[in-house]
Structure formats: C-alpha cells, structure tokens
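Asks: In the order they appear, the protein sequences are chains A and B. Heads up: the first sequence is residues 1 to 641, going by the working numbering. Heads up: the second sequence is residues 1001 to 1222, going by the working numbering.
Careful, some of the hints might be misleading.
Covered stretches of chain A, as calculated for chain B (at least 3 residues, CB under 8 Å) [to be verified]:
| no. | segment |
| --- | --- |
| 1 | 99-106 |
| 2 | 216-223 |
| 3 | 254-261 |
Derived lysine-lysine pairs resembling PhoX-like cross-links, with alpha carbons at most 25 Å apart [said to hold, decoys possible]:
| no. | chain 1 | residue 1 | chain 2 | residue 2 |
| --- | --- | --- | --- | --- |
| 4 | A | Lys63 | A | Lys92 |
| 5 | A | Lys106 | B | Lys1051 |
| 6 | A | Lys81 | A | Lys69 |
| 7 | A | Lys236 | B | Lys1155 |
| 8 | A | Lys37 | A | Lys92 |
| 9 | A | Lys97 | B | Lys1051 |
| 10 | A | Lys467 | A | Lys591 |
| 11 | A | Lys106 | B | Lys1114 |
| 12 | A | Lys605 | A | Lys591 |
| 13 | B | Lys1114 | A | Lys448 |
| 14 | A | Lys69 | A | Lys97 |
| 15 | A | Lys448 | A | Lys467 |
| 16 | B | Lys1155 | B | Lys1182 |
| 17 | A | Lys521 | A | Lys550 |
| 18 | A | Lys236 | B | Lys1114 |
| 19 | A | Lys81 | A | Lys97 |
| 20 | A | Lys591 | A | Lys483 |
| 21 | A | Lys554 | A | Lys522 |
None of these hints come from the bench; they were simulated from the model. All figures in this text were calculated on a predicted structure; none of them were measured in a lab. Don't be surprised by glycine CBs; every beta carbon is placed ideally from N, CA and C.
Here is how the chains run, residue by residue.
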Amino acid sequence: MNAKVREVFTLRGEALKLGEIVGQGGEGAVYDLAAHKNHVAKIYHRPLEQQRIDKIRAMGKIKTGSLEKLTAWPTGLVCSKDSKPIGLIMPKISGRKSIHQLYSPKSRRTDFQRVDWRFLTRVAANTARAFAAVHDNACVIGDVNHGGVLVAQDATVRLIDCDSFQVSYLGQQYLCEVGIETFTPPELQSRSFSGIVRTPNHDNFGLAVMVFLLLFMGKHPFAGRYAGTGDMPISKAIEEYRFPYGANAPAVGMARPPSSPELAIVGPRLAKMFEDAFSQRGTSAGRPVARDWVAALAELEANLKQCSANSSHWSLGSSPCPWCKMEGATGVPLFSTVVPAGGATLFDIAGFQRQVDAIPHPGPVPTVPETNVTPDPNALKLKGHARRTNFRAGIAAAVVGVAGLMMAQIWVLGIALGVFLGLRGFLNRDSEAAEYRRVAAEAATQWKNAQTTWMQRAGPDAFDRQKTVLAGLRREWDILPSKRVARISELERNRRQAQLHRFLDNFEISSAKIESIGPGKKQVLESYGIETALDVERNKLYSVPGFGPKTAQKLLNWRKSVEARFVFDPSRAIDPRDIAQIDQDILGDRKRLQGALVLGLEQLKQTRAQILAAREHSRPEMERLRLVLDQSSANVAAISG
Amino acid sequence: MSNQFDQIPFGAAEFADNPEPRCPCLLLLDTSYSMSGAPIDALNQGLVAFKDELAADSLAMKRVEVAIVTFGPVNIVAPFQTADLFTPSTLATSGDTPMGAAIEQGLEMLRRRKDEYRANGISYYRPWVFLMTDGAPTDSIVAAENAVKSGEAAKAFSFFAVGVEGANMDILAKLSTRQPLKLSGLKFRELFSWLSASLSGVSQSQVGQTVALQSPAGWAEV
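Using the sequences and the hints given, assemble the complete structure.
Replies: Below is the structure:
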C-alpha cells in the first residue's frame, strides 16, 4: 500500500524524497534518501502499531556512539503527509555482505576472496564485540540470524534489523517477538516468542552458533548424523542438547558430519566454551558472554600458524593440518589462494621460472592394490549352486506332489512334503546367492565411481593443467618486447592517421562556431563525451538525444572543413605521447602478467598440496571400497566356481 | 549384510562445500504429446523464470534443491541439485502419460536424497513435490496413490497437484490429500514465480516449521 509513497516527513516536518529501493523484506522496503547519502528510510508495509512507534522513539533516545558505530541503529520516525508514522530512518550500510555468504565455503569463494581462517576468526571476534556493545547498553538482539550481521572485506561487522531488538527505556521494556530456530537456545525452542522477555544469555547461544558457523566452515553445531531412527532436525537436537562435536556426543547418539573438523581444532579454551554454551550448564548457569568470546578468539588468532604444505591454511599447528585433511577428504578448496604481499618491483622472470621448476611433479596417481581375501565361509557353502538346479528341483518337487495327490496316497504326500522342504532350502540358498551377486554388482559400481573421483583428486591432471597455464603466461611475458616493437612500427605506418587525429583533437567544439549548434547543444555533446572535431562521428552523434540527421550533418560538415586544412608533415617524428601510450599499455600488460604469474605459482603449490592431501586422506576410504569390492567378487567367484 | 554399503562419505564434496540446510523441491512434469505447442512452451519459459527468480535470493540459491522428472516416458531430467547448479533444459513432448510410474520414481529419488542428507549430517526442510499434468494417467496409479498418502501422513513431504486445461481433476483429487489446483490458462510463469517466492520463504524459515503460503490466486482458478 506504500508503493506510491514518494515523500515522507520527519517528526520536525522536514520533507524527505524517497529514492531507489535498496532492499525488500517481509516487513517493509528500504529506500535511499535523495538528500541524505548516509541514511536510508525503511517504510513498513503495514501501519505501525503504537508499541512499535514507542520503541523506535525510545531507540532514538538511547543511541550511543558505540551502538551507532556497530549497528544500523534507527535515528527516528518518518511520517506520511497526514503525520502518521510509517517508517524509520537509519544509517545506510553499503559494501557489506550477509555473514552467511562468508561462512559457507561455496559463496565465500565468490563473495569474499583472500580469506583464510585468521580472517574468519577476526570476524567472529568482531561479531562478539558488536554483541557486547548491544548488551552493555541493556539491549538484547533476540532475533540472531544469518542475515542480521553484515561483514565488510576488512572483517569489520555491523548489526542490522535493529528495530527488532529488545530495548529498555525509562523502565519500559519493548520486546523482540521473532526468532530463527537454528539460533534459538534450548530453553526457548518449541514455544512462541510472544510475550517472552529475552536475556543476554539467550543471545549468547546465538553468538556461540555464529562463531561456530564461522570457524567450522559453515557447519551448524547441531547438524550431525543421528544414530537413532527418524530425523533429528537442528531444533530438536538443540532442545535435547545433542551436540555432535561434544565429548558427550556418543552418549546422545550423535556423530559429526563426515570429514568435518574436530572440536579440538579451536584449542582447549574455545572448545570448552562451545561445550558450555551448548550444554545444560549453559542454560542453567549461564553461557560464555560476548566478552569471553572476544578474548578467547583474539587468543586463537594470535596463535595461528601457517601450514607448511599450503600457504592458505592457518591453524593451531596440530598435525595433520585440519584443512589439508578436510580438503583431502572432500576435494573442496576451503580458502582461496593468497598471494604473499610485497615483493620486489623488478620482477625476476628467470628466478621465478626456477621457483616454478623447483616444485616437484606429484607423480602419477597411486594405485590402490588388490587385496588378498578369502571368500565368506557361507559363500563357499553355496559353491556350484546354480539357478537351473533349483528350478529343476522345484519342478521335481511339484511333480512328486501332484503325483501323490493323483494317487491319493498319504505316504506320497509325506515325500512331497520332504521334497517341498528341500525345495524351500534351495530357494533360500538361491536368494542368498542372488544377494551375493547384488552386493558384488553394487560394490563394482561404487568402486568405479570412487576411482573416477580418485583420479580427479589424487591424479596429476590439475597440476599439469596449472603448469600449462603458467607456460602460456610465460610465453606472453617473453613476447612483450617484440609486442612493443610491433606496435611502434605500426605507428610508423599510421603516422599520417595519427597526425590527423592529433590535429582534429585540437579543435574544441566549445570554442568553435558551428551553424545551429548553440551553447545548450554543445553542453549536451560534452556530456556525451563529444568534445573535439575528432569525436564527431556519425554513429556517436546518433546516440545523443536531440541530434537528428540534419543537425548531425552540420557537425560532420564542420569536421570536414577542419580536416581540409590538415597538411601531413612527413618529417615530423612519431608523437612522443603516442609512444608513451604504448609504453603505458605494455607496462599494464607486464603488471597484469606479473600478477597472474605470481598467483599462478601459488595456485600450483596449492594444487600440489591438495593432490598430496587427497592421496593421504582419501586413501583409507579407497582401501575400504577396494576391500569390499575384492571380498564381494571373491564371494561370487566361489559361488559360481 | 547390505549395511556395509549404507554410508559412503566419499563424494560428500557438495555438502562440505555447502553445509546449509536443504529445501528439496521435486517437479513431476507431464510432457506427453497433448502438451505439445503452446503448453510446453509456456512450461519451458516458466522453468527459466523459476531459475532466475531463485537466483535473486542468495540464501535460497544455497538451500533450495530442484529435481525434475518428466513423464511420457518417465525420464529424470535433473537430479536433486542446489538452485545455483540447476539449469533448466528445454523440454520436448513425446509419448503417453505414465503418471503413476513417474510419481513412484520421483518419490524414490526423494527418499534416496534424504538418506544422503542424513548420512552427511545435513538438515532439511519438508520436501515439496509438485505434479503438473494436462491429462489422465495411462498407467496404474494405485501404488503411487498409496505412496503419496503414506508420505503425507508421515510428513515425509508435501504433495501438490496442478491440473492444466484438460486434466482429469477427479484423479488428481484422489491422488493428493490436498485439493488439486487448476492452472488458469497457461500461467506457468506466474506459477513458478509463486513457487520460487514460496521456496525462498520456506528456506528462510525454521526447519520443521510450517510457513504461511501466499495465495496461489495469481495463477490458479480459485
């Protein structure tokens, strides 16, 4: 209903023009303000309730410097023409992205480049700092969620959606009556938020979840494998304190997701804090508070060490490196390649090539050898068992039975029963044999799939591809000098053209007298980048509004008259500015190539490290699948033998 | 003895890369001859719009998983994959309407996908199954009907049936526990736009909670 609102008013009656919509949500839309670059207006879809109006007013009263710096704290109400409050004004926050785009590896690769675990640790600490500031001001966030924290490329954070915070002012409490289940503490699960007074201890659960998501590659602390039957949704796991990373996990039937890091990678201090935050103790005796997280995360960051195999991996230095292990087991690159800062301005290409050549080839993909197995004793019992025998036995039994009925001889029926039992035994054995074959077929498919993955991850192809890329860049680098020579000789050939261009470029439209082109038209032309005779081209003119064929022709005629006055001077050397332009371009190419080469070298190192990690950490799974394959085919061979 | 095959973490790359909870959506689409011409074109355009609208929501892109099974004959066009990987292929018409087999096949895919979620410790929202047809089944739907009813009862998924002009609405009513919806005209685009908005809504909500859906009045005959 507010779609048509174009103008709103502050409480003091100042009119504010609404600009573009910068965001849409369930509650309202956020607009740019034409006259206030640093602020935006949120206009609600529905009329504001008195409670909400009072809350926004109160928030304006209690705002402090730290809240303003760390959040998008509302600064006041805005009203419609008839003085009804319809929204609020808050600081504009730009150049930041939702925290979920940082913590899951997939979106991190595109939205936050050059991020390693140090950065994630810093963001976690900064998030805790923002929480601490809110709590220090007697407010509670309440609705902690994946979209409520915005992160900048320098790891600083700001909290948004502050109008849902729980606020106290002059003894009056304004509640937060919403929440997202996956950030909601156990004591508030499965109940409505309405009328509930939220406490900092509730927030501290959400904060612990957020820190965990950041440090554990976007994995939710309560998402795990459940040993029991049925589903274990996150909300239920939270409510029942089933923390799959905790010491207590086996007792509550939970296991970490496959190839996820252990809790210990954060060190004993933070591990204990997570255990406290996610346990019954946290509910009853209080969870670690925001300040505790700030201190512990700063300590973690200070103790991080770079992995010797992969420069983008930072950890507490345990062996093996948790990220090598996780990347090796999953094949997912968790952090982007980081190029070492600094470096000499004079690039030593020979030295660089030596560095590239010094990186050893990872060698061919290792084979996972066949294992020595003996068939199952049970499979041996089925030896020589073939379908056809069963079928014949079945027919035989039936024939005896029918014959018995026909002869009406009880004793024959007895025999038939005996044959029947024998037949049933055969049938059982038949299905057992079929099960062995099914298992073997399934194992073969799985082995085939696993081998394809193994070739991709543990094979040298990626390394070879990267070397080809580097070789291509090197060739480009080597031809840079000849490229310069070629361009200068081209200039030589085009000297006449170049002189003409230079000549035309000296005639500015603004100071020329051109028929029916007044100052207004000249201004329009200038705003379209048409400034000198050189810029006057038919195509360019047609894209300028108000320039039809007639007016355009006037300008083109002018250009022609200027051009007629041009005299080529063969004795004049190439304009030094043109050579400078070429040198500028070549320098640009050189810089670009230098950057690509340095990055390419780092990527080559990283690729090699990932291949070696895959060989180490995926091997146990390959050996297991190989064993299953060999065992099941040995069983089938025994049956068919 | 088949237990040893249950959990295979090898190849869990997609879940390590993107551990967000999943919101699976299975599309069972009738591509029999009767859909030729304008209906199939409208359906194809609708699918493209579906992808575009999901792409506008960065969280839905990581959470919503789409799978497509077409029937006439039964064909898995797309296995379950997150919205960023899903690229709608242009569907062509052929054959009759083996709706029963398509439902069974689709629900089996869904069951397997859920097993993968569980094995990899990935939480998920109640899946949505969308059946769209313009005719009547040419095969038996007894097994499919039972599978839908028991799945709904167990809250294993929510099943929606949409009839295009010419569909046998009585059979759709028998199949689904919800009232089947009739597509007004060929408003596939509006339908998919609604579906994308609803899935975005679900993927922002709490796992296990029911979300109030928008009215389908924009595309269905109410």
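Asks: None of the hints should be skipped; say for each whether it holds.
Replies: Tested hints:
1. 99-106: holds (count 5)
2. 216-223: holds (count 5)
3. 254-261: Satisfied; 6 residues make the cut.
4. A:Lys63 to A:Lys92: holds (16 Å)
5. A:Lys106 to B:Lys1051: Between A:Lys106 and B:Lys1051 the Cα gap is close to 18 Å, so the pair holds against 25 Å.
6. A:Lys81 to A:Lys69: violated (31 Å)
7. A:Lys236 to B:Lys1155: holds (16 Å)
8. A:Lys37 to A:Lys92: holds (8 Å)
9. A:Lys97 to B:Lys1051: holds (22 Å)
10. A:Lys467 to A:Lys591: holds (20 Å)
11. A:Lys106 to B:Lys1114: Status holds; Cα separation ~21 Å.
12. A:Lys605 to A:Lys591: holds (21 Å)
13. B:Lys1114 to A:Lys448: Status holds; Cα separation ~23 Å.
14. A:Lys69 to A:Lys97: Measuring from Cα to Cα gives roughly 17 Å; hence the hint holds.
15. A:Lys448 to A:Lys467: The hint is violated at about 28 Å.
16. B:Lys1155 to B:Lys1182: Measuring from Cα to Cα gives roughly 24 Å; hence the hint holds.
17. A:Lys521 to A:Lys550: Within the cut-off at roughly 14 Å; holds.
18. A:Lys236 to B:Lys1114: holds (18 Å)
19. A:Lys81 to A:Lys97: violated (34 Å)
20. A:Lys591 to A:Lys483: holds (15 Å)
21. A:Lys554 to A:Lys522: holds (13 Å)
Violated hints, listed in ascending order, are 6, 15 and 19; each of the other numbered hints is respected by the structure.
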